[in-house]
Amino acid sequence: MKSEKISELTTNRLSVYLRCLNTLSAAGIKSISSQALAEQFNLNSAQIRKDLGYFGEFGVRGVGYYIEDLREHITKILGLDRPHRVGIVGAGRLGTALANYKGFGRSNFSVVALFDNDEAKIGRRVGEDKILIHDVKKMPRLVSDQSIDVMVIAVPARVAQKVLNQIMSAGIKAILNFAPAPLSARLDVKVKTVDLTTSLESLSYFLVRPQVSVVTNHKRKTPTEELSEMNEREL
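Numbered as in the numbering used here, the sequence shown ends at 321 without a single skipped number.
Just so you know, not all the hints are guaranteed correct.
No more than 20 Å apart at the CA atoms, straight line, and that leaves these computed lysine to aspartate or glutamate pairs for EDC-like [as the list claims (entries may be wrong)]:
#1 K116 <-> D155
#2 K188 <-> D235
#3 K216 <-> D204
#4 K248 <-> D235
#5 K278 <-> E94
Derived DEER-like restraints, expressed as beta-carbon distance ranges [stated by the list, open to error]:
#6 D167 <-> P242: 33 to 43 Å
#7 R135 <-> G165: 17 to 27 Å
#8 N128 <-> S193: 16 to 26 Å
#9 E94 <-> Y187: 16 to 26 Å
#10 I115 <-> T284: 29 to 39 Å
#11 S290 <-> G142: 40 to 50 Å
#12 V146 <-> R179: 46 to 56 Å
#13 E205 <-> I115: 50 to 60 Å
#14 S193 <-> D155: 17 to 27 Å
#15 L286 <-> Y187: 17 to 27 Å
#16 Q247 <-> S111: 36 to 46 Å
None of these hints come from the bench; they were simulated from the model. Note that beta-carbon positions come from the ideal geometry of N, C-alpha and C, so glycine has one too.
Could you put together the complete structure from these sequences and hints?
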């Protein structure tokens, strides 16, 4: 892999490429060129080659990419070849909905614990997997005991920074934040914020300007890139 820093937009696109390759694999397709991959999924062939070039040479002249091989490489690049155990802070509607979401398993993530400070919720179990809601004060011990390496923040904005501080103190360095609040993290901690309100407001803009929507549909960008450029902040 090249020594230069890989941007977050590049890793976002790798995730998109992996989903596309999964679709092709399920259809029984064995190989594909970058141009055919781009045309089938409305991607950019030059961007695909550039992004993959950061990590090595994967194409075969006259063939393109062997789908199973490339899937394996991208899976390893993204660290999805090993399981990730997820904890969620906030056992409200959003937190419990995320705990019940079955799509995590397809990417080797599993929710193993919920945390809250509401005594009425602590001790209850959530969803089909009966995930236990723990007292947030027990987070440091449970992070270690259950080998949690990713944490999700699903609490009101006013307490999000406090929760982030608790999570960092517990040793977690990868955090997905759903709280609509700017957060300050240490340099060795990655916080990825999902701002649902901003995304919806952006969609509203295109609803009231359909002619703009028609024009932008011709741009060769993935929805992931567009949302990343507008909404995601590296903290």
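Original post:
Is 36 to 46 Å right for how far apart the beta carbons of Q247 and S111 are?
Top reply: Holds - the Cβ-Cβ distance for Q247 and S111, about 42 Å, lies within 36 to 46 Å.
Original post:
Can the suggested window of 40 to 50 Å be confirmed for the beta-carbon pair S290 and G142?
Top reply: Holds, at about 42 Å.
Original post:
Is the hinted range of 16 to 26 Å satisfied by the C-beta distance from N128 to S193?
Top reply: holds, 22 Å
Subject >> Straight-line alpha-carbon gap K216 to D204, limit 20 Å >> reply: holds, 18 Å
**OP:** Starting from the hint 17 to 27 Å, judge whether the C-beta atoms of R135 and G165 obey it.
**Re:** holds, 22 Å
Original post:
Can the suggested window of 29 to 39 Å be confirmed for the beta-carbon pair I115 and T284?
Top reply: holds, 37 Å
Original post:
Does the Cβ pair E94, Y187 satisfy 16 to 26 Å?
Top reply: holds, 22 Å
Original post:
Is K188 close enough to D235, meaning Cα to Cα at most 20 Å?
Top reply: holds, 19 Å
**OP:** Sort out whether E94 lies within 20 Å of K278, counting only the CA atoms.
**Re:** holds, 10 Å
Original post:
Between K248 and D235, is the straight-line Cα distance small enough, at 20 Å or below?
Top reply: holds, 19 Å
Original post:
Given a hinted range of 46 to 56 Å, is it respected by the beta-carbon distance of V146 and R179?
Top reply: Since V146 and R179 have Cβ atoms about 49 Å apart, the given range 46 to 56 Å holds.
Original post:
Quick one: are S193 and D155 within 17 to 27 Å, going by C-beta?
Top reply: Given about 19 Å between the Cβ atoms, the range holds.
Checked against the numbered hints listed earlier, the structure breaks none of them; every hint is satisfied.
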